[in-house]
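*Asks:* We have chain A already, so just place chain B on it with the hints.
Respectively, the protein sequence lines represent chains A and B.
Sequential numbering of the first sequence, starting at 2, is according to this note's numbering.
Sequential numbering of the second sequence, starting at 2, is according to this note's numbering.
Think of the hints as simulated: they come from the structure by calculation, not from any bench.
There may be inaccurate statements among the hints.
Identical copies look the same in the list; a pair holds intra-copy or inter-copy alike.
To be verified - Restricting the straight-line Cα-Cα distance to at most 30 Å, the calculated cross-link-like pairs of lysine-lysine (DSS-like) are:
id, residue 1, residue 2
1, Lys148, Lys83
2, Lys353, Lys414
3, Lys128, Lys25
4, Lys48, Lys392
5, Lys272, Lys128
Number of protein chains: 2
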Amino acid sequence: MRLSELFTKTSKTVPADETARNAKLLIRAGYIHKEMAGVYAFLPLGKRVLDNIAQVVREEMNAIGGQELQMTVLQPKDIWEKTDRWDDNKVDNWFKTSLKSGTELGVGLTHEEPIVDALSEYISSYKDLPIFVYQIQTKFRNELRAKSGLLRGREFTMKDMYSFARTQSEHDELYEKAASAYRKVYERLGIGDITYRTYADGGIFTNRFSDEFQTISDAGEDTIYIHEGKKLAVNKEIYTDENLAKLGLSKDELVEKRGVEVGNIFPLESKYTDALDVYYSDERGNRQSIISGCYGIGISRLMGTIAELLSDDKGLVWPVNIAPAIVYIARLGDSDEVHKIADDLYQKLEDKGIEVLYDDRDARAGEKFADADLLGIPYRVVVSEKTLESKQFELKERTETEVKFVSEVDLIKSLASIKTN
Amino acid sequence: MRLSELFTKTSKTVPADETARNAKLLIRAGYIHKEMAGVYAFLPLGKRVLDNIAQVVREEMNAIGGQELQMTVLQPKDIWEKTDRWDDNKVDNWFKTSLKSGTELGVGLTHEEPIVDALSEYISSYKDLPIFVYQIQTKFRNELRAKSGLLRGREFTMKDMYSFARTQSEHDELYEKAASAYRKVYERLGIGDITYRTYADGGIFTNRFSDEFQTISDAGEDTIYIHEGKKLAVNKEIYTDENLAKLGLSKDELVEKRGVEVGNIFPLESKYTDALDVYYSDERGNRQSIISGCYGIGISRLMGTIAELLSDDKGLVWPVNIAPAIVYIARLGDSDEVHKIADDLYQKLEDKGIEVLYDDRDARAGEKFADADLLGIPYRVVVSEKTLESKQFELKERTETEVKFVSEVDLIKSLASIKTN
Numbered sequence: 002m003r004l005s006e007l008f009t010k011t012s013k014t015v016p017a018d019e020t021a022r023n024a025k026l027l028i029r030a031g032y033i034h035k036e037m038a039g040v041y042a043f044l045p046l047g048k049r050v051l052d053n054i055a056q057v058v059r060e061e062m063n064a065i066g067g068q069e070l071q072m073t074v075l076q077p078k079d080i081w082e083k084t085d086r087w088d089d090n091k092v093d094n095w096f097k098t099s100l101k102s103g104t105e106l107g108v109g110l111t112h113e114e115p116i117v118d119a120l121s122e123y124i125s126s127y128k129d130l131p132i133f134v135y136q137i138q139t140k141f142r143n144e145l146r147a148k149s150g151l152l153r154g155r156e157f158t159m160k161d162m163y164s165f166a167r168t169q170s171e172h173d174e175l176y177e178k179a180a181s182a183y184r185k186v187y188e189r190l191g192i193g194d195i196t197y198r199t200y201a202d203g204g205i206f207t208n209r210f211s212d213e214f215q216t217i218s219d220a221g222e223d224t225i226y227i228h229e230g231k232k233l234a235v236n237k238e239i240y241t242d243e244n245l246a247k248l249g250l251s252k253d254e255l256v257e258k259r260g261v262e263v264g265n266i267f268p269l270e271s272k273y274t275d276a277l278d279v280y281y282s283d284e285r286g287n288r289q290s291i292i293s294g295c296y297g298i299g300i301s302r303l304m305g306t307i308a309e310l311l312s313d314d315k316g317l318v319w320p321v322n323i324a325p326a327i328v329y330i331a332r333l334g335d336s337d338e339v340h341k342i343a344d345d346l347y348q349k350l351e352d353k354g355i356e357v358l359y360d361d362r363d364a365r366a367g368e369k370f371a372d373a374d375l376l377g378i379p380y381r382v383v384v385s386e387k388t389l390e391s392k393q394f395e396l397k398e399r400t401e402t403e404v405k406f407v408s409e410v411d412l413i414k415s416l417a418s419i420k421t422n
Numbered sequence: 002m003r004l005s006e007l008f009t010k011t012s013k014t015v016p017a018d019e020t021a022r023n024a025k026l027l028i029r030a031g032y033i034h035k036e037m038a039g040v041y042a043f044l045p046l047g048k049r050v051l052d053n054i055a056q057v058v059r060e061e062m063n064a065i066g067g068q069e070l071q072m073t074v075l076q077p078k079d080i081w082e083k084t085d086r087w088d089d090n091k092v093d094n095w096f097k098t099s100l101k102s103g104t105e106l107g108v109g110l111t112h113e114e115p116i117v118d119a120l121s122e123y124i125s126s127y128k129d130l131p132i133f134v135y136q137i138q139t140k141f142r143n144e145l146r147a148k149s150g151l152l153r154g155r156e157f158t159m160k161d162m163y164s165f166a167r168t169q170s171e172h173d174e175l176y177e178k179a180a181s182a183y184r185k186v187y188e189r190l191g192i193g194d195i196t197y198r199t200y201a202d203g204g205i206f207t208n209r210f211s212d213e214f215q216t217i218s219d220a221g222e223d224t225i226y227i228h229e230g231k232k233l234a235v236n237k238e239i240y241t242d243e244n245l246a247k248l249g250l251s252k253d254e255l256v257e258k259r260g261v262e263v264g265n266i267f268p269l270e271s272k273y274t275d276a277l278d279v280y281y282s283d284e285r286g287n288r289q290s291i292i293s294g295c296y297g298i299g300i301s302r303l304m305g306t307i308a309e310l311l312s313d314d315k316g317l318v319w320p321v322n323i324a325p326a327i328v329y330i331a332r333l334g335d336s337d338e339v340h341k342i343a344d345d346l347y348q349k350l351e352d353k354g355i356e357v358l359y360d361d362r363d364a365r366a367g368e369k370f371a372d373a374d375l376l377g378i379p380y381r382v383v384v385s386e387k388t389l390e391s392k393q394f395e396l397k398e399r400t401e402t403e404v405k406f407v408s409e410v411d412l413i414k415s416l417a418s419i420k421t422n
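Pulled out of the complex, with its shape left as it was, chain A reads as follows (with noise of 0.2 Å):
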């Protein structure tokens, strides 16, 4: 894309009330815009980091047999009354709407009591299962607070896949599958290495943990306590002897750090599926409980953890699998010559399916390199009188200091290969 048409523009200026240093950066980037507290639109560049995002999770999902759908945002009363989910003194983060007739609807915010409603159609033997579902999907949660940009929003983005299976033990096949699946996400996004899968609370209907994944981060709600060795985690709101004796782990090899919740998953036990009466029949014909899980990975909340993370002092770093281009060109001169050039190398990249910023402004070299750091694309270009008489191009990566000049095969060469990574 050719930066002349990107209606969006860098800037030096946030709105008065964001304190966050992921949604500055991407306000100040042009990748987001600040709707109200908690609330965000995501703007060309953004939305591809977005959808980028959800793309590596939707690979991996779909990997391990995940089926994608697509449930509503509306919500009928009546289902989360049989979960005892309704009630704003029980849940108490709902947005609520009505229907002209004055019924009331929910605005949802998970998804798991519309799924085994919705399932309950296709399941009564023990031949329709296992089954492992997921939607990415936009969620409204009515937080009292939302400061932390995308870190919580009250619109936001979530990947949230379901599984129901026979027996306890296809259920924990199932959800060391997902974990591993989270896994795989975390390193195909540039945060695997300071990712901890973490040991929380389960919930009332379950003796078992749950499993968070906690970004190490300043910025995150949570405190928990690493282990570096074994690379596990586990959450303050467990962190009791009694508990870490049932872990094998003791208080003196545990860290303490800040993180960020960027996934969990959740054994329901057949919560769900007992109190909205959905069974299966065993083969000898007797009625058996489902055995189901929930497992949630924030995807916008992910994008703001990476711009929070991933950043320095110049601005966002995105990693390659996500950033909204491969490369940006930095034309130089105003030369017949140099816009040739450098059209020409624009083509080439995009015609080899290398996504680009080509920055064909007139504007001065040190904006160009402002606006290419701001916005954390990973390779840098320069086309320019000085690299036209080299006949070669000057090329930076955005996490380094030292230019490199290269022969444009070369240069084609290289950047091909990193996007088929």
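*Replies:* Chain B alone, transformed into the frame defined by chain A:
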């Protein structure tokens, strides 16, 4: 995808309150699930069709320079008050909700106001225009009645595009570009020949007509008068002698039909930009109004329209461009050899990037053929003892009754060529 793994199944029953042909077929085929009147979830195969339609629309909007973004569902009251569209007496199909603090919020039904407000940060000079932006997003409208399945949803997927131009002639150019892109969309979706650009009321703030795209259907809500020779139509709402004279048409050339509005494009003059105080400075530094337009396509409505119109008494008939799979492999017979050959063909087609629904279930031929027809997959291939003997496969198009026998090489070649069209 293997049907033995897909959790949905076809069914002979539909909800008692469902009267719309499109919804009945889509529910029976397991494409959608009815949450409540006008609110449908998209199950795996339905989600694929919806995404495929969205992708066709996206490609055509990108081709005319549209920049994709994603505005928010939650809407602050103040920007809608500036255009006098907040009051329920003015706009009667809002869903509204509120923050914990009591602050009222709207649930997005369209996005002129927030788009103009967000763009105001990026528009100051004539150099910043023109701009073409769009989103593909879930919208909410509090319809009193919603009995037409996907043709009129309370929650639905829409592509809404907005243009911002410096002059009326620049606006007109963008407007006609969008109209051409719309025509391409309908052609790619297989309804080009029954869809008419239709003059309709332009609303209160313009003397111009708006343009609708109406697909001929008895299920449609609109009455239109078509001119077959000119391939255009006139909506009943402006069907007066005076208007027809302006359009150079006379009543005796026109034929009355029912139509589904599958798109609309609307000249907004400078109503929203002026109301939200967004102007640009021209070359001489003078403040000028911005001329805008809005352009809608109901993605889920298109899915319903196609389901309604391109179906027969056996079920759905998806055009190749949006079908959830190109080919349905019906495996008949239990021998190891049949299983092996069918598995092998499935793998070869998937490796070529050809989407397959592989019916690997233990079921009778009649049941498999009925499902292939109900699901509306464009091609059906039979693998059976009989086809093994002849070393060929039996191939049938969904819309034909004749079967053909083809070699594996020819089968793969012809299916691959369809896919890349």
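*Asks:* Does each hint hold? Answer for all of them.
*Replies:* Hints, verified against the model:
no.	hint	verdict
1	Lys148 to Lys83	between (34 Å within a copy, 27 Å between copies)
2	Lys353 to Lys414	both (10 Å within a copy, 25 Å between copies)
3	Lys128 to Lys25	between (51 Å within a copy, 26 Å between copies)
4	Lys48 to Lys392	neither (36 Å within a copy, 50 Å between copies)
5	Lys272 to Lys128	within (21 Å within a copy, 59 Å between copies)
Of the hints listed earlier, the one the structure fails to meet is number 4.
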